[in-house]
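Student: Here is what each chain is made of, one letter per residue.
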Amino acid sequence: MKKTLKNHDVYILPRESNVALVVEAGAEVWVEAHRAVQKVAVRLKPGAHLRWMTYHPGKSQKIFTLEEGARLEYFHHVLGKSEDRTEILLEGNESSALSQTIFFGKADDRQTLRVEHVHQGKNTHSKMISRGAVKDSAFGRFYGNIRMLPGCSGANASLEEHNLLLSGGCKIEAMPSLEIRHNEVQASHSATLEKVDEEKLFYLQSRGLSPEEGLELLVEGFFWDALQKCPNLAFSEQIFKDILKCLSK
Amino acid sequence: MTALDYLKDLDRSVFDSHNEQGYAKRAQKGLSEALVRRISADKKEPAWMLAYRLKSLEKWRELKLPTFGVDLSPIDFGNIIYYAAPDEMKGYATKWEDVPEDIKRTFERLGIPEAERKVLAGTGAQYDSVNAYHKLKEEWERVGVIFEDMDRALQKYPDLVKRYFMKLVPSHDHKFAALHGAVWSGGTFLYIPASVKVTAPLQAYFRMNARSMGQFEHTLIIVEEGAEGHYIEGCSAPKYGSTSLHAGSVEIFVKRGAKFRYSSVENWSQDTYNLNTKRALIDEDATMEWVGGNLGSGRTMLYPCSILKGRGSHANHLGVAFANTGQVQDTGARVIHLAPDTSSTVLAKSICKGGGRNVYRGLLQVNKGATGAKSQIRCDSLILDALSTSDTYPTMRVDEDDVSIGHEASTGKISEEQLFYLQSRGLSEDEALAMIVNGFIDPIVKELPLEYAVEMNRLIEMELNKPQRK
Numbered sequence: 005m006k007k008t009l010k011n012h013d014v015y016i017l018p019r020e021s022n023v024a025l026v027v028e029a030g031a032e033v034w035v036e037a038h039r040a041v042q043k044v045a046v047r048l049k050p051g052a053h054l055r056w057m058t059y060h061p062g063k064s065q066k067i068f069t070l071e072e073g074a075r076l077e078y079f080h081h082v083l084g085k086s087e088d089r090t091e092i093l094l095e096g097n098e099s100s101a102l103s104q105t106i107f108f109g110k111a112d113d114r115q116t117l118r119v120e121h122v123h124q125g126k127n128t129h130s131k132m133i134s135r136g137a138v139k140d141s142a143f144g145r146f147y148g149n150i151r152m153l154p155g156c157s158g159a160n161a162s163l164e165e166h167n168l169l170l171s172g173g174c175k176i177e178a179m180p181s182l183e184i185r186h187n188e189v190q191a192s193h194s195a196t197l198e199k200v201d202e203e204k205l206f207y208l209q210s211r212g213l214s215p216e217e218g219l220e221l222l223v224e225g226f227f228w229d230a231l232q233k234c235p236n237l238a239f240s241e242q243i244f245k246d247i248l249k250c251l252s253k
Numbered sequence: 455m456t457a458l459d460y461l462k463d464l465d466r467s468v469f470d471s472h473n474e475q476g477y478a479k480r481a482q483k484g485l486s487e488a489l490v491r492r493i494s495a496d497k498k499e500p501a502w503m504l505a506y507r508l509k510s511l512e513k514w515r516e517l518k519l520p521t522f523g524v525d526l527s528p529i530d531f532g533n534i535i536y537y538a539a540p541d542e543m544k545g546y547a548t549k550w551e552d553v554p555e556d557i558k559r560t561f562e563r564l565g566i567p568e569a570e571r572k573v574l575a576g577t578g579a580q581y582d583s584v585n586a587y588h589k590l591k592e593e594w595e596r597v598g599v600i601f602e603d604m605d606r607a608l609q610k611y612p613d614l615v616k617r618y619f620m621k622l623v624p625s626h627d628h629k630f631a632a633l634h635g636a637v638w639s640g641g642t643f644l645y646i647p648a649s650v651k652v653t654a655p656l657q658a659y660f661r662m663n664a665r666s667m668g669q670f671e672h673t674l675i676i677v678e679e680g681a682e683g684h685y686i687e688g689c690s691a692p693k694y695g696s697t698s699l700h701a702g703s704v705e706i707f708v709k710r711g712a713k714f715r716y717s718s719v720e721n722w723s724q725d726t727y728n729l730n731t732k733r734a735l736i737d738e739d740a741t742m743e744w745v746g747g748n749l750g751s752g753r754t755m756l757y758p759c760s761i762l763k764g765r766g767s768h769a770n771h772l773g774v775a776f777a778n779t780g781q782v783q784d785t786g787a788r789v790i791h792l793a794p795d796t797s798s799t800v801l802a803k804s805i806c807k808g809g810g811r812n813v814y815r816g817l818l819q820v821n822k823g824a825t826g827a828k829s830q831i832r833c834d835s836l837i838l839d840a841l842s843t844s845d846t847y848p849t850m851r852v853d854e855d856d857v858s859i860g861h862e863a864s865t866g867k868i869s870e871e872q873l874f875y876l877q878s879r880g881l882s883e884d885e886a887l888a889m890i891v892n893g894f895i896d897p898i899v900k901e902l903p904l905e906y907a908v909e910m911n912r913l914i915e916m917e918l919n920k921p922q923r924k
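Chains as they are written, first to last, in my numbering: chain Z, 5 to 253; chain V, 455 to 924.
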């Protein structure tokens, strides 16, 4: 299916196997997807601004191409089994992208999430954020990659990855990579993997919270900053409620 | 001559030049069972070692080249000399005067005896496949420290060697470990008895001289309970324009409460494929430190590995890599946490210029049961021009929830502002560049003994100035 999106469109992505979208030059568009769509290709024309929100498990593959001055804000939320690959190509000069992935795995969930930012145009900016938590015997994998191609002078990118391990049997694999083919750039990444801080939990209990309530509050603290970045608050609240449901099970 | 005088005139040509050696011309190229048997017979090895070599040769034939890292397909295994011993060397010398004249001259140019007199507790110098010189100061010999050429150690302490030899880097590990198992020759054997603290560093220098040479030295280090030591390795080879191969192996056993530091400056010529395997097994409350500089060799794949086996053990990795025109430096650190309360830190710095390619490829693994493991990894790279590239691939695999792991990395160019400031203070652009680069790698260089630190800084300055000299 092919579709052109115009200014102020709010578009709910249908459940189809292949979707090609074009966001018109200068348009400001919201797209929401509640189900896994197998393949999506999106082109942002010059100056277009796209806010993309997805909330689904399953298997999908997405490619975003940004022309000159285009702007993408991409919010991806995954609960449950998932295999996802997202590529954001900053093709035009001055284009910018923010991608944020939030994942939560429980029981025997297997989650493999790949996000790649490719800087091709000059003065392109991108930021990649990932926050993931796993419990039970879930296995979460996040592979974030920032690639800077020759000629992308003035490009600037950062990758931040934070992971929380909630129980003994779960696993996390993180690989935040940088592939830099040009020197007039700045790129950085940071990653952390940690468990819930016992001291904080103890402190909350000393203030009268039960251990379960304390854990909820800490998990909320871990995700909330990131969830608030999502422009649709109702969306983030729903995701947060679902995370808490998974936590208490 | 002061300890540093020889470094003032340090010149790449010192490392790149070679001696004409008749023996090398007569040496046989290619790898065969007959050659493996000959090496073993030459060294009068026990039967188990020959059996191990032959088993490794089988493995080498079975195993495929690694599929990650640098392209190794240009290596022509049939065109490499796997074993070459200078004619006049029948066993190594323990007095510098007894080392054959040609070889002595090479090592003197590299500054080996001078360094020994000044600062070292013991020195070894290997020339192609065999050791030319080995010496341990008496005070350390008296307390039971063993610092020997590996071939000689096998003769003198067969049981000790058998207990540890290729237990950490077994020949089935990968193709080059198998090759090493089949044709290893020379290297260092160091044994520090329990509670002995060797305060001065021990040094070995490995030199490849022959054309199309392969050097496969084996370094085996056993640091007993509560002991301490520091071992330094320097490496170089002349430039010929034909492929040389270095597939050494380093195994270090750090026992309970012991502390050991392994420093190396690898400066092979650009014809060399440097495919070294270095691993340490660290027991309870012991500490292992790796300090490494990779400057030479056309293609490097080197990932020192620490296995934190005992509770409370600690590993510390520091590394600098410099990739210039035509070089690929694929380096990194691997740390495996097996026991509770283990900790590790990794600091990797890389610089590339003139089309050089740097890759940081690290692994941090925390196995089930390694509760309370802590790790901090930092890798920074500096790209000096538009032709050069830098990749960072750190993998973190965690099977335990009670851990704390942090990783940080940054890549960028030298800040124009810093350059401009230094120039405004009267420095030339080259000097300013060298100063910034030296500052960038300083946290690692300052961990090296003085002579090596100066050598490393000078080598980097030389690399930085290369195009201007042409």
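Quick caveat, the hints were computed from the structure, so don't treat them as lab data.
Careful, some of the hints might be misleading.
Facing chain Z, according to a computed beta carbon distance under 7 Å, are these residues of chain V, among others [what the hints assert, rightly or not]:
#: 1; residue: Thr697
#: 2; residue: Thr779
#: 3; residue: Thr843
#: 4; residue: Gly860
Derived list of chain Z stretches under chain V, where covered just means 3 residues or more per stretch with a C-beta under 8 Å from a C-beta of chain V [what the hints assert, rightly or not]:
#: 5; segment: 114-120
#: 6; segment: 177-185
On a predicted model such as this, the values are computed, not experimentally measured, just so you know.
Even glycine gets a Cβ: it sits at the ideal position worked out from N, Cα and C.
Student: Now tell me if each hint is right for this structure.
Tutor: Hint-by-hint comparison with the structure:
no.: 1; hint: Thr697; result: violated, 27 Å
no.: 2; hint: Thr779; result: violated, 15 Å
no.: 3; hint: Thr843; result: holds, 5 Å
no.: 4; hint: Gly860; result: holds, 5 Å
no.: 5; hint: 114-120; result: violated (count 0)
no.: 6; hint: 177-185; result: holds (count 9)
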